[in-house]
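Engineer: If you want the building blocks of each chain, they are given just below.
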Amino acid sequence: MTTGTPATTGTPAATGTPATTGTSATTGDLPPSLVATLPGDWYVDPAVFALEQRLIFESMWFCVTRSADLPAPGSFRTAVVGRESVLIGRGRDGTVRAFFNVCRHRGARLCTEESGTVGRAFRCTYHAWTYDLDGRLIAAPNLTKMPDVDRIGYGLVRVHVREWLGYVWVCLADDPPPFEDDVLGEVVTRLGDARAIDRYGVADLELGRRIRYDVAANWKLIVENFMECYHCATIHPELVEVLPEFAAGYAAQYYVGHGAEFGERIEGFTVDGSPGLDRIPTLSPEQDRRYFAITVKPQVFVNLVPDHVILHRMFPLAPDRTIVECDWLYLPDVVASGRDLDRSVELFHRVNQQDFDACERCQPSMSSRVYARGGVLVPSEHHIGGFHDWVRAKLAGTGSPGAGSPGAGPQDAGSPDAGPQGAGVSRDTPGDG
Amino acid sequence: MIAACPLEALPPGASFRLDGENPIALFRTEDGQIFAIDDTCTHQDASLSDGWLDGCEVECPLHSSRFDLRTGEVDAPPAKRAVRTHRVVVDGGTVFVEPSGCDG
Ligand code: FES
Ligand code: FES
Ligand SMILES: [Fe+2]
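Taken in sequence, the protein lines are chains A and B. Just so you know, we're using the UniProt record's numbering here: the first sequence kicks off at 1 and counts up by one. Just so you know, we're using the UniProt record's numbering here: the second sequence kicks off at 1 and counts up by one.
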């Protein structure tokens, strides 16, 4: 909005470069207080999204479902991970397994429901190829006349699985990155200590409420929003009432190991500051009356408060569409007792709505010519630059024409058509989040 | 009489497929009885020895019709015709089958 008026410059609208700035997009343009965001087309371009699907969502550990969502042998759930549909199921031996949701015969999607239970096997509804719960092909019409068809070789294709925090994480890569580095490492980066999260005993909590949000925004807008609190005083009146330090605009994620402290007269993490539910007994004194937040890239947010844990899983479906499933987890006794969770849930439900409304408000502007070179980050948002560097590095990793070798840093704007790398605005220093 | 398999090859709950022009499925129920029926479902070409044993019934793995191992009768569509049953003899640790007549 502050970058001049293209109409007066005579610059062709398509370039989106206001002549008033006079120079190409480099950090040299910006006063030291400001750091560039990603260019607008990174939030709308299907080619960028396709790279993200391949190089991020299909390459990293991706949190799909709560283990308890698969209560018994035969329980299953399907989830979109990158470009793939993944089938997650519990076997007769109680083990959770995941497969590409693709029939090995002629490719029909095996399970079309989002969740359910099968008796003994996954049976394709097209020609009835039938797979047992560990993926082996166990029956098919005329199969005995084809003894050369290997029942394991033509079984469902497995996906790597880990369980952590009571959630099932899958990785579609042939060689998954170490879970310890990629997932647990984020916790250490944020909390300074992996054991800090253990004290919440997340895997032993029970689901109190689940709300699903269908957000008309790019997944990166949602991550960026979650990482900063510059917006808090403006759009989160209830949250700032509970966590007054958020009014200053510094997110809990800005400092390592810092948790935002409850306001003096606040009794619990609830929509009106009234008392919450039973406190998780294993917390340390430093964890009481505080809110901690962790982003586990690329698609999980964990919010820790003394009496519950809020865990968001994002499912990016399109450049401008992301499903977010948000779980509120409490001590088992709290859930079993049927106590009223409404004021507890309502606080972060409102935060979610306020945040997702803001993201949806940004999405249409991502393709505005005014935003062609992106926007700017103020100092309390500079750490988001670290996320942008991370995205650039991921997409530069392999695959796209003209991309650098794996691990290469962001490339300079060389050819405008070289995809994300070419379109990128390079910056000198990563954020200090 | 055809020697089908050693008794050890057929623990309780297991099945064994005897190949041939008319393949035969052998089952040993959880309580130890051994039965033999036609292996091929009367609905489509599915191998009942790949199905699921449940008491004295086997459920076809493809479309879930259930056959009674004692009579060969089918409980519900899509299969409509019974399978043939065959006499079983266990002797000296070996399971023998006497195939029923072709027109059973
Ligand atoms: S496509 Fe699944 S059985 Fe043919
Ligand atoms: S093949 Fe047995 S019921 Fe269809
Ligand atoms: Fe927010």
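Simulated from the structure, these hints should not be mistaken for laboratory data. Using N, Cα and C, we set each Cβ at its ideal position, and we do this for glycine too. The reader is advised that the hints may include incorrect statements.
The calculated label-pair distances, taken between Cβ atoms and stated as ranges, are [what the hints assert, rightly or not]: (1) Arg151(A) to Pro6(B): 22 to 30 Å; (2) Pro12(B) to Phe179(A): 51 to 59 Å; (3) Pro177(A) to Gly55(B): 47 to 55 Å; (4) Met1(B) to Arg92(A): 45 to 53 Å; (5) Pro11(B) to Arg151(A): 40 to 48 Å; (6) Pro6(B) to Asp175(A): 39 to 47 Å; (7) Ala14(B) to Arg279(A): 46 to 54 Å; (8) Asp150(A) to Ala14(B): 52 to 60 Å; (9) Asp150(A) to Ala76(B): 46 to 54 Å; (10) Val89(B) to Gly153(A): 57 to 65 Å; (11) Gly13(B) to Glu163(A): 43 to 51 Å; (12) Pro23(B) to Asp333(A): 50 to 58 Å.
Far from chain A by the CB rule (all over 10 Å, computed), these chain B residues [as the list claims (entries may be wrong)]: (13) Leu10; (14) Pro11; (15) Pro23; (16) Gln44; (17) Glu57; (18) Gly93; (19) Glu98.
Engineer: Check each numbered hint from earlier against the structure, then list the numbers of those it violates in ascending order.
Structural biologist: Of the numbered hints, 2, 4, 5, 8, 9, 10, 11, 15 and 16 do not hold.
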